[in-house]
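Make a model of the complete structure from these sequences and hints.
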Amino acid sequence: MTFLYQLAVLGNPTTAQINALTERIASALGTLSLRMEHEVGWEVSPTAFKPHPLYPSAAVYFAGDHANLANLAELLERGIPVIPVISNFNQHQERFPEILRPLNRLKYDDGDDGGAEIIATALLACVGLLPQHRRVFISYRRDEAAEAASQLFEALTARAFDVFLDSYGAAETQEVEALSWQRLYNSDVVLMLDTPSYFDHRWTSAEFGRVLAKGISVLRVTWPNATPSLRSSTASKTELSAEDIDPESGRMSDDAIARLCLLLEAVRSQNHAVRSVNLISSIRIAIETVGGKMLGVSSHKAVHLQLPGGEQLTVYPTVGVPAPFALQDAFSYSPDKSVAVVYDPVGLSQQSVRHLDWLQTQAQPAKWIKATEASQQFKQWEH
Amino acid sequence: MGAIFLSACIPVTNRGTYHETANPFLIQCAVRELVIAVIRQHKIIWGGHPAITPMLWSICEDLGVDYADAVVLYQSQFFEDVYPEENHKFRNVIYTDAVSENREASLLHMRKQMLSREDLTGAVFIGGMEGVETEHEIFKYYHPHASVLPVPSPGGAALTLALDHGYGTHMDLDDIDFARLFHTHFAYNVNHLTQ
Numbered sequence: 001m002t003f004l005y006q007l008a009v010l011g012n013p014t015t016a017q018i019n020a021l022t023e024r025i026a027s028a029l030g031t032l033s034l035r036m037e038h039e040v041g042w043e044v045s046p047t048a049f050k051p052h053p054l055y056p057s058a059a060v061y062f063a064g065d066h067a068n069l070a071n072l073a074e075l076l077e078r079g080i081p082v083i084p085v086i087s088n089f090n091q092h093q094e095r096f097p098e099i100l101r102p103l104n105r106l107k108y109d110d111g112d113d114g115g116a117e118i119i120a121t122a123l124l125a126c127v128g129l130l131p132q133h134r135r136v137f138i139s140y141r142r143d144e145a146a147e148a149a150s151q152l153f154e155a156l157t158a159r160a161f162d163v164f165l166d167s168y169g170a171a172e173t174q175e176v177e178a179l180s181w182q183r184l185y186n187s188d189v190v191l192m193l194d195t196p197s198y199f200d201h202r203w204t205s206a207e208f209g210r211v212l213a214k215g216i217s218v219l220r221v222t223w224p225n226a227t228p229s230l231r232s233s234t235a236s237k238t239e240l241s242a243e244d245i246d247p248e249s250g251r252m253s254d255d256a257i258a259r260l261c262l263l264l265e266a267v268r269s270q271n272h273a274v275r276s277v278n279l280i281s282s283i284r285i286a287i288e289t290v291g292g293k294m295l296g297v298s299s300h301k302a303v304h305l306q307l308p309g310g311e312q313l314t315v316y317p318t319v320g321v322p323a324p325f326a327l328q329d330a331f332s333y334s335p336d337k338s339v340a341v342v343y344d345p346v347g348l349s350q351q352s353v354r355h356l357d358w359l360q361t362q363a364q365p366a367k368w369i370k371a372t373e374a375s376q377q378f379k380q381w382e383h
Numbered sequence: 384m385g386a387i388f389l390s391a392c393i394p395v396t397n398r399g400t401y402h403e404t405a406n407p408f409l410i411q412c413a414v415r416e417l418v419i420a421v422i423r424q425h426k427i428i429w430g431g432h433p434a435i436t437p438m439l440w441s442i443c444e445d446l447g448v449d450y451a452d453a454v455v456l457y458q459s460q461f462f463e464d465v466y467p468e469e470n471h472k473f474r475n476v477i478y479t480d481a482v483s484e485n486r487e488a489s490l491l492h493m494r495k496q497m498l499s500r501e502d503l504t505g506a507v508f509i510g511g512m513e514g515v516e517t518e519h520e521i522f523k524y525y526h527p528h529a530s531v532l533p534v535p536s537p538g539g540a541a542l543t544l545a546l547d548h549g550y551g552t553h554m555d556l557d558d559i560d561f562a563r564l565f566h567t568h569f570a571y572n573v574n575h576l577t578q
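Protein chains in written order, with the working numbering: chain Y, 1 to 383; chain D, 384 to 578.
Please keep in mind that the hints were generated in silico from the structure rather than gathered at the bench.
The reader is advised that the hints may include incorrect statements.
What the hints assert, rightly or not - So these bits of chain D aren't anywhere near chain Y, every CB distance computed over 10 angstroms:
hint : residue
1    : A386
2    : Q424
3    : D452
4    : D464
5    : N485
6    : K495
7    : S499
8    : T504
9    : V531
Stated by the list, open to error - Within a straight-line C-alpha distance of at most 25 angstroms, the following computed SDA-like cross-link-like pairs (lysine to any residue) qualify:
hint : chain 1 : residue 1 : chain 2 : residue 2
10   : Y       : K237      : D       : E513
11   : D       : K523      : D       : A481
12   : Y       : K50       : D       : L556
Ideal Cβ placement from N, Cα and C applies to all residues, glycine included.
Here you go:
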């Protein structure tokens with residue numbers, strides 16, 4: 001069975017730690033309408049953790065004597081986040097395998113009920129399962145699909161998606177249009193309600209090309225009697241039947257809503273996996289080009305690098321638009337380390353790129369790194 | 384600067400079984416990563432696709448590359464009634480003659496013109512249907528020693544090429560790390576050609 005998200009517990013956790021973590025993860029997933037062992041895989045102490053590459057994955061590793069190393073080296077090589085966890089019982093670094101020692105660790109306080117909560121949150125963050133990471137842009141034509149859009153907004157919000165309704169066709173101010181584009185660039189998925197006169201009215205070729213250049217997924221829901229545009233061919237596709245939508249009210253059936261929500265989750269998880277893999281890979285290529293190496297990925301998707309001279313640098317890749325506080329967060333996650341935020345400039349608005357270029361001139365060494373220029377930045381890196 | 388031929392298309396349901404293995408999002412991502420990996424060192428030569436061509440414009444703009452210099456689009460005059468409007472925006476379109484008002488003959492003529500270019504040093508195949516397989520045959524005819532890379536994980540005709548012509552023997556067919564795939568492939572070929 002292929003899960004949409006894949007999580008694992010490795011190393012030497014105690015039974016109590018496993019039970020507490022399992023309960024926290026299951027509870028958090030419930031708020032997203034996801035279920036362990038249905039949409040989310042949960043492997044505890046497997047001989048080897050071999051997640052499918054097309055869906056996001058992450059693991060925690062509990063230190064301890066005789067801990068099973070599983071296939072740790074392979075996971076780190078693949079750029080799959082592995083979060084080393086120390087607890088009251090196993091708090092010495094030497095209990096970690098050497099390949100995990102450069103990575104950021106989390107502390108599990110066995111005497112504190114919140115111990116498992118912190119680990120669970122970190123694990124879910126690595127696969128994009130915190131609500132603030134789940135961003136959907138619903139695009140539709142107001143006079144053809146307002147009711148259905150409203151239903152989907154409510155259903156997806158109930159599943160802890162951060163949903164933006166882009167009702168093109170309404171009288172828009174420049175500010176509203178700018179906000180729409182900002183929210184679009186930061187989305188994982190555009191949920192496109194493809195009614196008969198939607199696509200060509202909404203998107204110019206250049207605008208839609210920019211969406212695809214950003215690496216955003218599109219889920220196209222084709223209405224009965226609508227003919228999809230060839231320009232949206234890269235979208236994931238589903239079609240509504242006449243039974244799925246009431247022609248009088250424009251409301252969708254509950255079954256259709258549930259089906260679309262699950263389909264969107266699948267499209268979204270794939271998007272997260274593919275973009276993360278390729279951004280992390282770009283970072284690895286950049287550091288290896290200048291003679292350094294990538295050591296692994298840990299909590300908050302921290303990518304740990306070793307520069308050619310042996311110094312360590314921790315970078316935080318950002319798939320969407322880097323948030324203003326991203327660098328502040330990076331410093332707080334890695335307080336004693338040299339840090340930077342790496343972002344993908346392709347598909348970003350020119351305004352965002354100009355702002356980030358300006359920020360880079362204000363911080364030395366550069367803290368905001370374009371993935372497409374990372375090797376030059378790594379070469380020149382100074383503490 | 385050498386040129387890379389790109390053969391890419393999204394399979395449709397009423398033409399063969401290519402759509403059964405195709406993942407349109409992976410086709411989008413693979414083309415995206417290819418263009419980012421090569422466009423500053425190579426021209427891209429291809430026949431265009433209404434869903435993909437605008438993405439190339441955007442990527443070139445963001446990388447500071449002149450799209451009209453970096454990409455060459457071939458179009459047959461057989462299809463002049465349905466040319467995308469944007470053809471007029473750019474000076475990088477090469478139009479080939481229609482042949483006897485025959486669609487297949489016109490396409491073949493266009494492909495021969497496009498693939499016989501002497502500056503082509505390699506070809507990449509992503510997704511696609513029977514046209515991708517045809518373009519593979521023609522490319523190999525004109526450039527028997529050039530590098531060929533069918534990308535398997537997005538599926539379609541490119542997966543068929545990888546499986547049927549032995550390209551897939553040492554490849555991970557599920558590999559979605561396109562950044563590494565293209566970096567490794569083109570770095571190897573640069574080294575190979577300069578030795």
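TODO: Could you work out which earlier hints the structure fails to respect and list their numbers in ascending sequence?
DONE: none
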